[in-house]
Amino acid sequence: MKKLFFILALFIGNFAMAQTTDDGSSHKVVFQFVSGDSLSQKSLINNLKNFREGWPKAAVEVVFHGNGIYMVMNEKNNFAKELENFCVNKQVKMVVCENTMRQKKIQKSQLLPFLETVPMGIGEIILKQEQGWAYIKAGL
Amino acid sequence: MKKLFFILALFIGNFAMAQTTDDGSSHKVVFQFVSGDSLSQKSLINNLKNFREGWPKAAVEVVFHGNGIYMVMNEKNNFAKELENFCVNKQVKMVVCENTMRQKKIQKSQLLPFLETVPMGIGEIILKQEQGWAYIKAGL
Amino acid sequence: MKKLFFILALFIGNFAMAQTTDDGSSHKVVFQFVSGDSLSQKSLINNLKNFREGWPKAAVEVVFHGNGIYMVMNEKNNFAKELENFCVNKQVKMVVCENTMRQKKIQKSQLLPFLETVPMGIGEIILKQEQGWAYIKAGL
Numbered sequence: 015m016k017k018l019f020f021i022l023a024l025f026i027g028n029f030a031m032a033q034t035t036d037d038g039s040s041h042k043v044v045f046q047f048v049s050g051d052s053l054s055q056k057s058l059i060n061n062l063k064n065f066r067e068g069w070p071k072a073a074v075e076v077v078f079h080g081n082g083i084y085m086v087m088n089e090k091n092n093f094a095k096e097l098e099n100f101c102v103n104k105q106v107k108m109v110v111c112e113n114t115m116r117q118k119k120i121q122k123s124q125l126l127p128f129l130e131t132v133p134m135g136i137g138e139i140i141l142k143q144e145q146g147w148a149y150i151k152a153g154l
Numbered sequence: 015m016k017k018l019f020f021i022l023a024l025f026i027g028n029f030a031m032a033q034t035t036d037d038g039s040s041h042k043v044v045f046q047f048v049s050g051d052s053l054s055q056k057s058l059i060n061n062l063k064n065f066r067e068g069w070p071k072a073a074v075e076v077v078f079h080g081n082g083i084y085m086v087m088n089e090k091n092n093f094a095k096e097l098e099n100f101c102v103n104k105q106v107k108m109v110v111c112e113n114t115m116r117q118k119k120i121q122k123s124q125l126l127p128f129l130e131t132v133p134m135g136i137g138e139i140i141l142k143q144e145q146g147w148a149y150i151k152a153g154l
Numbered sequence: 015m016k017k018l019f020f021i022l023a024l025f026i027g028n029f030a031m032a033q034t035t036d037d038g039s040s041h042k043v044v045f046q047f048v049s050g051d052s053l054s055q056k057s058l059i060n061n062l063k064n065f066r067e068g069w070p071k072a073a074v075e076v077v078f079h080g081n082g083i084y085m086v087m088n089e090k091n092n093f094a095k096e097l098e099n100f101c102v103n104k105q106v107k108m109v110v111c112e113n114t115m116r117q118k119k120i121q122k123s124q125l126l127p128f129l130e131t132v133p134m135g136i137g138e139i140i141l142k143q144e145q146g147w148a149y150i151k152a153g154l
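Protein chains in written order, with our numbering: chain W, 15 to 154; chain P, 15 to 154; chain R, 15 to 154.
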């Protein structure tokens, strides 16, 4: 009986938290970004801003592959400051696809320094979904 | 033994239903719509039409955010009649992102009247996925 | 106690395999393709190539619907050879939406011969997600 109350209390506690003060800590989301288009790039930044304000503690990873890689080059990058702020101060993890790097002959030294790489961008997105992360395809 | 038969009967029953007369009642899907492009808007309408014909009883929610909001404004809207029909007669729920409204300075009174709003469009899509809803990014 | 060791051994075995020699056999992914744009078509081919090299044994299905159907017509198709190679030699399943065929008045005989059809493209993607398949929206 005690156990039942305990479980009930946990349940009610969780529920109340979700409704009133969700800081996002129970949520995990992987964003896919494949676009080379600047409006889509701006839209990704907006998505991340809103998301981080709404759920400051949620786990977030952005996977850049295909033409999405152009958003994370370290030269002529209009979004470098904002991306750095997300990665360094706001716990947004950003990873780049090594297949894309190879196919576009892009070296790690040409990428923004705070990024990590993964062997296969799409594989990374699949692994995350398998682990219960929600999936959002970003871009227009 | 009786119990086993019962479970088996349930299982076979379900299976038979799924194959022959799936009215969609076991399915739940959240569509994301972010495009301001009219071909993408038309494609969303098509998606919903086909979907509703195929699975009249499935739970469906469409989340409009970013430039997707322009599809649900109450002026100069080519799709207002069709959207209303989906919402009012066909149990398609449509919600708009309040972050987007704020950033584009759009009031609730400027939106089609049968819509609801959610604090964060992407958060809504994530919540649905966590609750077992399938996710479809609509648009081209 | 024996049982515990056995479970532990299984667990460690699985883990080691995942880290060192993942042939993809535990992964399942459904790709959605709706674009009529040739850059998006090229990007789908690239996605499939990289994916098959990375995870040769993963289950893969591509659902073509909407304008995505133009990629699998049997005339004037720049990707026919590559698509055939994926389907016939590399266990990539490709299916076309019958709603799309009806709406665009396209007969099965006008499609590449190694494809199958499904009643509703979006329904197929939802069914796969319900069965635990990861979802990737392909295209730019």
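Since the hints were made in silico from the structure, they are not lab data. One should not assume that every hint holds.
Here are the simulated EDC-like cross-link-like pairs (lysine to aspartate or glutamate), alpha carbons at most 20 angstroms apart as the crow flies [what the hints assert, rightly or not]:
(1) P:K71 x R:E138
(2) W:K56 x P:E112
(3) P:K119 x W:E67
(4) R:K42 x W:E138
(5) W:K71 x W:E98
(6) R:K122 x R:E89
(7) R:K63 x W:E138
(8) P:K56 x R:D51
(9) P:K63 x P:E112
(10) R:K63 x R:E112
(11) R:K56 x R:D36
(12) W:K42 x W:E138
(13) P:K118 x P:D51
(14) R:K119 x P:D51
(15) P:K56 x R:E112
(16) R:K71 x R:E112
(17) R:K95 x R:D51
(18) W:K95 x W:E138
(19) R:K63 x W:D51
(20) W:K119 x R:E67
(21) R:K56 x W:D51
(22) W:K118 x R:E67
(23) W:K71 x P:E98
(24) R:K95 x R:E75
(25) W:K42 x P:E144
(26) P:K56 x P:E112
Residues from chain R shown here face chain W by an in silico Cβ test under 10 angstroms; the list is partial [stated by the list, open to error]:
(27) T35
(28) D36
(29) G38
(30) S39
(31) K63
(32) F65
(33) G68
(34) K71
(35) A72
(36) K90
(37) F93
(38) C101
(39) G146
(40) A148
Note that this is a predicted model, so its numbers are computed, not measured. Note that the Cβ used here is the ideal one computed from N, Cα and C, for glycine as well.
Tested hints:
no.	hint	verdict
1	P:K71 x R:E138	holds, 16 angstroms
2	W:K56 x P:E112	holds, 18 angstroms
3	P:K119 x W:E67	holds, 18 angstroms
4	R:K42 x W:E138	holds, 13 angstroms
5	W:K71 x W:E98	holds, 18 angstroms
6	R:K122 x R:E89	holds, 13 angstroms
7	R:K63 x W:E138	holds, 16 angstroms
8	P:K56 x R:D51	holds, 17 angstroms
9	P:K63 x P:E112	violated, 26 angstroms
10	R:K63 x R:E112	violated, 26 angstroms
11	R:K56 x R:D36	violated, 26 angstroms
12	W:K42 x W:E138	holds, 14 angstroms
13	P:K118 x P:D51	holds, 17 angstroms
14	R:K119 x P:D51	violated, 25 angstroms
15	P:K56 x R:E112	holds, 18 angstroms
16	R:K71 x R:E112	violated, 28 angstroms
17	R:K95 x R:D51	holds, 18 angstroms
18	W:K95 x W:E138	violated, 25 angstroms
19	R:K63 x W:D51	violated, 23 angstroms
20	W:K119 x R:E67	holds, 18 angstroms
21	R:K56 x W:D51	holds, 17 angstroms
22	W:K118 x R:E67	holds, 17 angstroms
23	W:K71 x P:E98	violated, 37 angstroms
24	R:K95 x R:E75	holds, 18 angstroms
25	W:K42 x P:E144	holds, 9 angstroms
26	P:K56 x P:E112	violated, 24 angstroms
27	T35	violated, 13 angstroms
28	D36	holds, 9 angstroms
29	G38	holds, 8 angstroms
30	S39	violated, 13 angstroms
31	K63	holds, 9 angstroms
32	F65	holds, 6 angstroms
33	G68	holds, 4 angstroms
34	K71	violated, 13 angstroms
35	A72	holds, 8 angstroms
36	K90	violated, 25 angstroms
37	F93	violated, 17 angstroms
38	C101	violated, 19 angstroms
39	G146	holds, 8 angstroms
40	A148	holds, 4 angstroms
Against the hints set out earlier in the document, violations occur for numbers 9, 10, 11, 14, 16, 18, 19, 23, 26, 27, 30, 34, 36, 37 and 38.
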